[in-house]
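**Student:** Residue numbers (full-length UniProt numbering), protein chains in the order written: chain L, 1 to 382; chain P, 1 to 382; chain A, 1 to 382.
No lab work stands behind these hints: they were computed from the structure.
Predicted, not measured: the structure shown is a model, and the values here were computed from it.
Wrong hints could be hidden among the right ones.
Identical chains blur together in the list; that is why a pair holds if it fits in one copy or across any two.
As the list claims (entries may be wrong) - Cross-link-like lysine to any residue pairs, in silico, SDA-like; alpha carbons within 20 Å at most:
1) LYS222 with THR199
2) LYS222 with PRO144
3) LYS222 with ARG38
4) LYS206 with ARG240
5) LYS222 with SER143
6) LYS222 with THR346
7) LYS222 with GLY82
8) LYS222 with ASP4
9) LYS222 with ASN192
10) LYS222 with PRO39
11) LYS206 with PRO39
12) LYS222 with SER42
13) LYS206 with ASP73
14) LYS222 with GLY95
Here is how the chains run, residue by residue.
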Amino acid sequence: MHFDWMNELELVDHHCHGVLEHDLDRGAFEDLITESDRPSPSGTTFFDTQLGFMIRRYCAPLLGLPAFAAPEDYIAERTRLGAVEVNTRLLTGHGYGTLLIETGHRGDEILGPRQMGVRAGTQVAEVVRLERIAEELVESGVSPTDFRSVFTDELDARLRTAVGVKSIAAYRIGLDFDPERPTAEEVDAAVNEWMTASTDGPARLKDATIIRHLIWEAVDRKVPIQFHIGYGDPDVDLHRCNPLLLTEFLRLSRGSGASVMLLHCYPYHREAGYLAHCFEHVYADVGLAINYTGAQAAQVIAESLELTPFHKALFSSDAWGAAELYSLGSILFRDGLDSVLNDWATRHGWPEDELRRIAGMIAAGNARRVYGLTTNEAGQDW
Amino acid sequence: MHFDWMNELELVDHHCHGVLEHDLDRGAFEDLITESDRPSPSGTTFFDTQLGFMIRRYCAPLLGLPAFAAPEDYIAERTRLGAVEVNTRLLTGHGYGTLLIETGHRGDEILGPRQMGVRAGTQVAEVVRLERIAEELVESGVSPTDFRSVFTDELDARLRTAVGVKSIAAYRIGLDFDPERPTAEEVDAAVNEWMTASTDGPARLKDATIIRHLIWEAVDRKVPIQFHIGYGDPDVDLHRCNPLLLTEFLRLSRGSGASVMLLHCYPYHREAGYLAHCFEHVYADVGLAINYTGAQAAQVIAESLELTPFHKALFSSDAWGAAELYSLGSILFRDGLDSVLNDWATRHGWPEDELRRIAGMIAAGNARRVYGLTTNEAGQDW
Amino acid sequence: MHFDWMNELELVDHHCHGVLEHDLDRGAFEDLITESDRPSPSGTTFFDTQLGFMIRRYCAPLLGLPAFAAPEDYIAERTRLGAVEVNTRLLTGHGYGTLLIETGHRGDEILGPRQMGVRAGTQVAEVVRLERIAEELVESGVSPTDFRSVFTDELDARLRTAVGVKSIAAYRIGLDFDPERPTAEEVDAAVNEWMTASTDGPARLKDATIIRHLIWEAVDRKVPIQFHIGYGDPDVDLHRCNPLLLTEFLRLSRGSGASVMLLHCYPYHREAGYLAHCFEHVYADVGLAINYTGAQAAQVIAESLELTPFHKALFSSDAWGAAELYSLGSILFRDGLDSVLNDWATRHGWPEDELRRIAGMIAAGNARRVYGLTTNEAGQDW
């Protein structure tokens, strides 16, 4: 580190998830350190990636192994220590102060927000996934004619403690959706059709009219709305996850009181920066990308801070499942930002107190402001 | 600087605008240092951006303040000195030799070309905005049936002194327009429709047929045609400002004698480089982006010089309104190019005389050649 | 070089072509060092590009000239030495072990695979171009009703020695083609139409149905299928060469046993990295881009290794025509990778033996595995 204070910055992780807390064999572990949904080709390993190398570099010592321990030794030691001990070692000591945990993805397999707060020793708050709430309503047997009003009530109820919402429109319908708010009639008809098609098995929401409705309901509530942007698993059509496709929606939602939080963004982080620059209610992070680009994270961070105003950039780990993603989320963010700020200071004489100030904004301050973390209704002291 | 001669290069700014010459309060000034059209969120400031930091770093000392003076002190000193003094300090001493001033954007608020030449102590020439000429004709009451011939005469008249034209097709219709030249009948019909709709208030040209006609009229005149590309204010649909959308137009306009100047280009500067590489009549710059990406400008310049031949890259500031954009346009261009060339020289032994030669081409020589600055009809001595 | 072993890595060039072996005047040579199909503007030269500078830097000494010899001296020395001597000097001594030569582009003007093996002193194998095979069948007078079966036989015959296939769908139809396999009836109808239109002159295949059929025939054969991606000559619509447009095809071809090799990829190399990361049968290189981005190649290589697993990245030169492209393909790849790996090692302590291991995978190991170079049917010893 070039700056001592970099390791002391408290982090607000504005988008993350729970971790698994059972033993993992090598295959299960490798599945957690890739966005692929299939094993790597025969004779290869996902340890031979940026993320894999960084796990061996930084997490192995946290488990008491030498840096760059062999993958098989890493898995063995993980098992020997046990999941609780591993999670404790990997989640604590990395400066996390608050986790905003999004609970909509395979929430029954992972630790919930309260458990995460205990294990990580942090404040926690929830971010709810719009599409999952709707699916749960359908699975619980709501009638099509009641859907809108029940959803409204449920969203209000959840937002009494949750600090924001998330949409996975990128995955389900692409970001090139019609940005206008649908009419009540359109929504009712779409809900009816969806429910008719979902009589057996879990409901999977992929209807654009309904998803648009959910998003506009969130806009009405003036809350931060997280959007998955860019890179994800093979389910996404990445070229339909370009945040620029949201441009007209951003115009329509200006002045609503809602904020739009562009998550991950890679490889469209420069495009996201343009939106965060031009639209007063838009924010951006490069979470997920920091972990997955590893030794290249500094460059990605630098690019993300070209157009994004320093008061619009956020930190997130997007950790899910493996506690390593929390450790590295912090380590690589600090290391990358330190490297970037040092470069700018060296070349242009930016003063250290100003660097510290903007680093604090990105690490925590901006998230505290946008999510209202000092004033949330649950009365928690952030 | 690694190279002494870098600060001695004379600049031809092939795309810039006039500056304001009245006192500015903080809100008015912040409005000039962002591409957003709204204030930043409550409690934040556009000084917390790459451009804002660079104004404090490099322009504050030009006003007699310490580097990184507080924003309020900067604004106060700007007011105390007065607009003429501020403009003189910020416009002179940065090596500008010639300004090619585009006059089509809010021209009544800013200094005109002649005044800019006086204030900056430079040669000046005009670049005329195609869409604005057409709008002025309509506002002056030209009849629909006369439009084409009157436009032709007006364009010829303007080009007796102007050295090129600019199109903002990107803003008005997107770059995915039909690249073919429209027929006279199509143009007449479109003009008639536009005028019928513009009977009260100022005319705003956003008809694709007419804009295509204007562009092809410019092609016929074998002049450099500047196109806004990429990043701009929230009016643009940035994904429709990708220069690759011009590919078929570039094929059709090959051999015409006209040149196509791709302006700004960020974040599509690599795509612009491909076009400048493959099409003999295409040129590219990263003006605007240099100022707005600040400490990252060196990387942007480097990327823009991956495929762009060194005889096809140009310098511009795209300054408008705030004289700081001229100071920084020069400072950050020189600093960034110096850094990039030094990196290449260090790694690959490129000789200094060759670096100086290509820097001179980018700073001025290529623009002089393409715009014919030694032989323009006005007889000015460039 | 930071790592001694970097110059000792044996290269498998998984996508390259033959070189010319006759004397070249300056115009003919400049035509080989650009992707443009026209001369550079009057008064300019393609030597003023990244590639041109690197030829003067690295190839001039190989011809006995000082580094950065003037272009005219370089051409003169090239002529004085003669094409055989020049090719020998430029092709040998750069660590090429195996060339996978694609023979479909102007194959009658350049050295064939066997001759290339002799001149370069390497193993060689062929990669056949699907579209060219189909065109040759049509030119040879195959009947429309026989086309499918004759193509099948011909492809099988070629693949008895060839180690993979190449498609130029990007050039001919864009990558936004319908990813589904066409029916036999659809193919027969399209072939009939194509042949009817091709009665005089050489056949040029640009029918999407037929090209899709060829690709799916290759999928059935479980071979590596190379796709042109990204940057090329002015014939391409670059925005239709984004590899993400293949996403649905990649989903459909999962589990087929075929591999998809994304070639060149610039400026979409990050997008290609996403695909190589998420799809187990996808591989990517930045050949072509390394030569054409010259001093920037290290950055391009670094970006390409953000998401691409180290077991999915490949080396290629994409050399065609000028032997300089082989010399530089090796020199700039080694230099760039050395620089990138050293940066990562310096910042994150990646151990040298691990760096060497992944460099070996990228240079040769991954290609050997995917192309089955130890076990090809021709029985060659790789």
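**Student:** How would you label the pair LYS222, GLY82 (within, between, both, or neither) given a Cα cut-off of 20 Å?
**Tutor:** neither (43 Å within a copy, 42 Å between copies)
**Student:** Have a look at LYS222 and PRO144 and pick one of within, between, both or neither, based on CA distance no larger than 20 Å.
**Tutor:** So LYS222 and PRO144 fail the 20 Å test inside a copy (26 Å) and across (48 Å) alike.
**Student:** Please work out whether the CA atoms of LYS206 and ARG240 approach to 20 Å or closer within one copy, between two copies, in both situations, or in neither?
**Tutor:** within (15 Å within a copy, 27 Å between copies)
**Student:** When Cα atoms must be at most 20 Å apart, do LYS206 and PRO39 count as within-copy, between-copy, both, or neither?
**Tutor:** neither (27 Å within a copy, 36 Å between copies)
**Student:** When no copy is specified for LYS222 and SER42, does a C-alpha distance of 20 Å or less occur within a copy, between copies, both, or neither?
**Tutor:** between (49 Å within a copy, 15 Å between copies)
**Student:** Given identical chains, is LYS222 near PRO39, meaning Cα to Cα at most 20 Å, within a copy, between copies, both, or neither?
**Tutor:** Between copies only: 19 Å across, 42 Å inside.
**Student:** When no copy is specified for LYS222 and THR199, does a C-alpha distance of 20 Å or less occur within a copy, between copies, both, or neither?
**Tutor:** Neither: 34 Å inside a chain and 40 Å across chains, both beyond 20 Å.
**Student:** Since the copies are identical, ignore which copy is meant and state whether LYS222 and THR346 lie within 20 Å (CA to CA) inside a copy, between copies, both or neither.
**Tutor:** neither (41 Å within a copy, 46 Å between copies)
**Student:** Is it within a copy, between copies, both, or neither that the alpha carbon of LYS222 lies no farther than 20 Å from that of ASN192?
**Tutor:** Answer is neither; intra-copy 28 Å and inter-copy 45 Å both fail.
**Student:** Between copies, within a copy, both or neither: which fits LYS206 and ASP73 at Cα up to 20 Å?
**Tutor:** neither (42 Å within a copy, 54 Å between copies)
**Student:** My question is about LYS222 and ASP4: at a cut-off of 20 Å on alpha-carbon distance, are they close within one copy, between copies, both, or neither?
**Tutor:** neither (38 Å within a copy, 55 Å between copies)
**Student:** 20 Å Cα cut-off: does LYS222 pair with SER143 within a copy, between copies, both or neither?
**Tutor:** neither (27 Å within a copy, 50 Å between copies)
Of the numbered hints listed earlier, those contradicted by the structure are 1, 2, 5, 6, 7, 8, 9, 11, 13, 14.
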